[in-house]
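**Q** Go ahead and model the full structure; you've got the sequences and the hints to work with.
Listed below are the residues making up each chain.
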Amino acid sequence: MRKRLAGFWLLCVLFALPALAQDRTVTGKVTSSDDGSTLPGVSIQLKGTSRGTTTDSDGNYSLTNVPADARLVFSFIGTATQEIVVGNQSTLNVQLKADASQLSEVVVTAQGIERDRRSLGYSTQDVRGDVLAQRSEPNVLNALQGKLAGVNITGASGAPGASTNINIRGITSFNGSNQPLIVVDGIIFSNDLNQTENTLFGSQPANRLADVNPESIESINVLKGPAAAVLYGSRASAGAIVITTKTGRNMKGKTEVTVNSSYNIQNVSGLAELQNDYGQGTQNNFVNTSANSWGPKFGGPLTQVVTAQGETVPYQAYPNNVKDFYRQGSILQNSFNIASGDERRNFILAVGNTLQKGVIPNTKFNRTNVQVGGESRLNNGIKINGTVTYVQTVQQGVPGGNGGSAFGQLTRIPRSYDLMGRPYQNALGRSIYYNSPTQNHPLWSAYNETLQGQVDRVFGNIQIGYDVTKWLNVSYRATADTYTDRRKFVAAIGAARTPAGELREDIFFRSELNGDLIITAQKDNLFLEGLNASLLLGNNINQRKTQNPTIISQQLTIPGFENISNGSVFSASTESSTMRRLMGYYGQLSLGYQNYLFLELTGRVDKSSTLPKANNTYFYPSAAVSFVPTDAFKLNSNVLSYAKVRASIARVGRDADPYLLNSVFEPASYGNNAASITFPISVGTTSLPGFRIDDRIGNSSLTPEFVRSYEFGLNLGLFRNRASIDLAYFDTRSTNQIFNVSVSNSTGYDTRTTNVGSMRNRGIELVLNTTPVRLESGFKWDLILNFTRIRNKVEEIAPGVTQSPITGNAFIGINPSIVLGQPYGVIVGTANVRSPQGEYLINPNTGQFVPGLAGQVIANPNPDWTAGLTNNFSYKGLSLSVLFDTRQGGDLYSFSAADLRSQGHLKVTGVDRDQPRILPGVIEVTNTDGTKTYRPNNIQISAQNYWAGLGGLASEAAVFDATVYRLREVALNYSLPGSLIGKTPFGAISVGVSGRNLFFYAPNFFMDPEVNTQGAGNIQGLDLNGAPNTRNYGVNLRFTF
Amino acid sequence: MKVTTYKKFLLVPLMLSIGACSNFVDDINLDPNKPTAVTPPVLLPTALAGSAFANNGELNRFGSVVMNYLAGAAGSPAAYDIFNTNGADFGNQWRFDIYGGALVNYQKLIEAADQNNAKAYTGIAKIMKAYTFSIATDVWGDVPYSQALKGEEFIQPRIDKQEDIYKGNQSLGIQSLFDLIREGLTDLDAASTSKPAAEDIVYGGNIDSWKRAGYTLMLKLANTISRKEPQLATQVINEVLTKNLYINSNALDLNVKFGSNVGSTSPMWNLAIFASFSNELIMSTRFLNVLRPSATDPTKTDPRLAKFFTKPAADYVTIDNGFRGTLPSPSTNWSRYSPYVTGTSGEGPVRLLTNFQRAFILAESALILGTPGNPQTLYTEGITASMKLAGVADADIAAYLAANPAVATLTGTKEQQLEQIITQKWIAWTGNGLESWNDWRRTGYPRLTASQNAVGIDGTRPVRAAYITQEIERNPAFPNPGPQSNVKLWWDVD
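Sequence order for the protein chains is A and B. Using this note's numbering, the letters of the first sequence correspond one by one to residues 1 to 1041. Using this note's numbering, the letters of the second sequence correspond one by one to residues 1 to 494.
FYI, nobody ran anything at the bench for these hints, they're computed from the structure. You can take every hint at face value.
Each computed EDC-like pair below joins lysine to aspartate or glutamate, with the alpha-carbon atoms no more than 16 Å apart: (1) A:246 with A:256; (2) B:34 with A:666; (3) A:793 with A:731; (4) A:613 with B:26; (5) B:34 with A:575; (6) A:607 with B:26; (7) B:34 with A:694; (8) A:613 with B:27; (9) B:34 with A:657; (10) A:607 with B:27; (11) A:907 with A:273; (12) B:167 with B:179.
Which residues of chain A face chain B? A few of them, derived with a C-beta cut under 7 Å, are: (13) 682; (14) 692; (15) 693; (16) 854.
Where a beta carbon is used, it is the ideal one built from N, C-alpha and C, also for glycine.
**A** Structure below.
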């Protein structure tokens, strides 16, 4: 520390070198050519020198010692740069023209540092708030889908508030969170996903970024690689999403009120097409308790049947019985902003409200946000700013998952079952269903097995900065993010998984505090002309606390009384708290030479509470370089307007989760949802506690894990920047992973925490921006293409270990895993045995596949590549945005599909059902000499045995290619022209219509493959009887005054 | 300028003060949620319940169906009923009940009790560890044993041969199950600093009963290998008979007790009676026909029928094994395991070693191995003990035996007498499919005919369980593909 401080003071001295004397002066005012408003902060550079100035808050500037032949270069964010010969003028007023494709602009990087884009040696991509707002999508992550290169975003389902997974540049940690760090206005913002139930069976809670109102976002900058994010520390090794909310900074002294309202309707989308020729039963017999549609054909001798409840009903198809379970949902969003002020003093008040009624009965997602913020710059060099937001989010969902849940049953509705036409419960409130009482009618489940949560969240920051001298600034920023999610889980008496009923009060409290001291010094023309330097030194203290008490009340007595006092057994109740702290020191030195060569060096030292004392302090550096040859060698032409090459290298260390160092004991329990006990158990009149060794073996010598990344990139501006290309190649290797390596269960354990392994990600990202058409009349067509291709490979696990499941809930035989030589997250299961020629082996006794081979990779959820194509058409006040995206390759493991098919509901199973079938494959014949030959399978089996034999749940036949093309988003907006609203109190009025997920085409799957039952997290590519997706469309209205 | 300089130095204490508070991160990483050490009394019930779950959970759904007490109406039992089972079955039993439940916690119990010489606990733990390992090897054959339960040392334990598990193998460092029990019995004889009480959900801390259970377990294991290793079996049985200490009354049965509250109930209560899988099991028509008048035996009505199974409707509602037609409706009328098996509200008990079992074992040994005792006397003792346990009145037992000489009296060749013994043992074991599955594989009795629609690997009844897929994935010591369910175990000689 002493050493670094000494270096710091030395730099201070260097910066203080006196400037040269001057003798001549040019003054003027810079305004916008669009509306004539003054432009503060415009950079004015004396060409060929490093000298210059910026305009003040009124747009005025003054530059001394200007030679007569000098050329002044005026540049400003979002405008075309102008170069003017001074001549003998002493007053020079300039109008700058807006230029959307301008490549030199300021971007917000790690720790809120603003940088000229051209100086960055790594990739970032920003998204303006207006492409997120008015998009009928309450979750900001979903609104980003298809718009970013290198970023994979997958929603869990269309259930209201269902979580969305995001990974930037692939998966870098075997075990830790691979979600990027989220920063909102400098606040490290929790995007956690808290689960009340086992994720195999739970409803789908929101990832906590859903607490942000998309309407309040000014811009989002995505810091993709570790190099970009290293100053944020360990958690940013998965990249960072830096969100800036709207402020009054750009109001130019005015006060503006913005009101935005939208209303959308939602419908279920992507349901499978089902057959309508055969009804309930098996092997052509009607069976009134069967979940199958292998019964007799409709229109035959069987015209009436008796239900499990003893009622006589017609035997016929109910073509919409499943579809009609879903209702039309809606999303009503209203927001209201008051923004006022200017660059020096401003404030914002933002209020937003979202009311979503889900397509699934009895589901909703409601959110209310209130934000106040402001900043003030005092004349004495002190700047104070702060913001605080309160959010209340209410989410209500319905559990899914195999078997006893609404969604577990919706794939098991026989085609002749009048699901929605008959009462679903009796006078006592018990379910009426074809296989009562062990399973329940989906509607009964929706109304009697619910999870409701209310999040109350406050987050905010206070920052005080002080300009010690012109070149030295000291600031301190304190941020806090805290929420309490109060969940109530209700499983009424008679629920399939808990027949005696169960209530849970599940409270998630989380609080994170960060304090950052940041000292920045900058000096132009350091040592030599044109060499600009800035140095940043920082200190971060971080504390994260969670508490999760869960009261579980079982064996309920009074029907409908949803208070925990209704139970008589509470022994399953639990409590869990964590606290972790981290202290970091970081520094960044940025050098720029002649505005075409840039170097940035950073380093950070972290000390974490979660690692053993001996290993808890670790250092990691990064370096990035950027070079603009078009400026350096004056290569600019009408074809090549701009070129930049960049490279970076970074290493990021990451600490462990808390409490991994020891082996521990925990309250014991046995069994699953079909039969279980939980200690303490009561035997006779005695209550007996029981503890067991936790199934993880601790490790008291853990060391941090590291991610090392190289990145090379190229930016090109072509045809006077009508087209621009941003290309990146990255290569990331994660080593020394803190991982719970699976061990043989016969050890008595399941995992052992160890530093192991190596994993590599390589990828290409491309962003292409063009304006194919720009007409004098004002018509413009912008086209933005992004493309991502990432290859992940697990290069090493642990000695002797070739595969290990990813931490999380999984069914045995369907394990999302790391496997040596395979991409992260492949699904390991039982594969059909194949002949040497690759054909399936058939059991000659049965005509079915021979027993499968365990431990095989049967699915890879990682896409080959993804791409998004945005078309923006604008003409005067009219704009139309159309976003297509596609995901090529990657697999989905679908319980829903396997269920529908093996049970004879799916359309294809109704085709030629009366014909016998032969499973594809060969029969092994052992010849007298011991050699083996293979003859084609010729054993005929019934359609039912065929489709069931092809594969039910745990089989490779449940794996489907998830390739999909999608019309993701269409938004049409019309801004009323000024001439129309000039005399009204309104500053601007715009109306629009928008739609999301309007159309998709999945060539190899009969439903929408973009589902992910387990939600945000490292486990991907599983559809375990979850909710389907939705299609949204609606109108919105925005006006300001 | 002077003022500015002064202000710059204000930063120095600020930076230093942050560097100084190194306590900020140290010593806060102690898990407040989970203890790092616990005492024997909280480990014992955990491990005992694990052994009961292993025997009485999914493996009992399998055993009850395969041994035709029940038939599979849907789900996994319907698959078992047509002899289909593979490595995707019983993973939870392997992982959560056997190795990661009972066994590892017996191991931790031994370690915790050894620290303060609480020999009563180590003795019980060793006996029950042997019992639970016998479940593993009798279901899967060769399994991890000598290197198992040592996660810090062996993350991929070796597979020990079933022969070595039963007999021990000095050169490989494998202690036999018998020696493990003997070690436990020695511990029980030694002075102990503390003894279990109510947390012993089997005997309530009665050490004498545990000794009897230990010796009875030796009988059971000797009986299991007696066809393959008659000499060793004879020697062990004689050792126990000489000691003359074993379960000799129904009150001494090794019963794991459960409770009636949700979260305390026995596995079979949930699986067959109460919870969401309960409509996957129904009484087998075949077993009904064994217990009541049939074409071949029109007079017999076993008094245990009404004790073992429910009859909610006018008559027993059953299906044949492997039946694939319309199930009887409504399911509330189905005949199911009675409270004899599950308890009135799930209390169980789960019977792991019983007095009737001991009597049948000794009857068989006397008959086949020539160990002391009269086969007929012991056989009658077994039937009587079973009937008493089921709650049949003494007079009714006597009347039944008198009226059914073909059942009551051992007649014919040794083989025929063996069939009688094992068939009666099968009836007595109603509710515990694993035990009678062991006997059936060992002796071929009771005689069972193939289910309707039988599939399996080759149409035959399973004689082992395939290795767990997850275990194959994690431990290269396991063969892949491993033996399927039609490959016999070491002790299964014919």
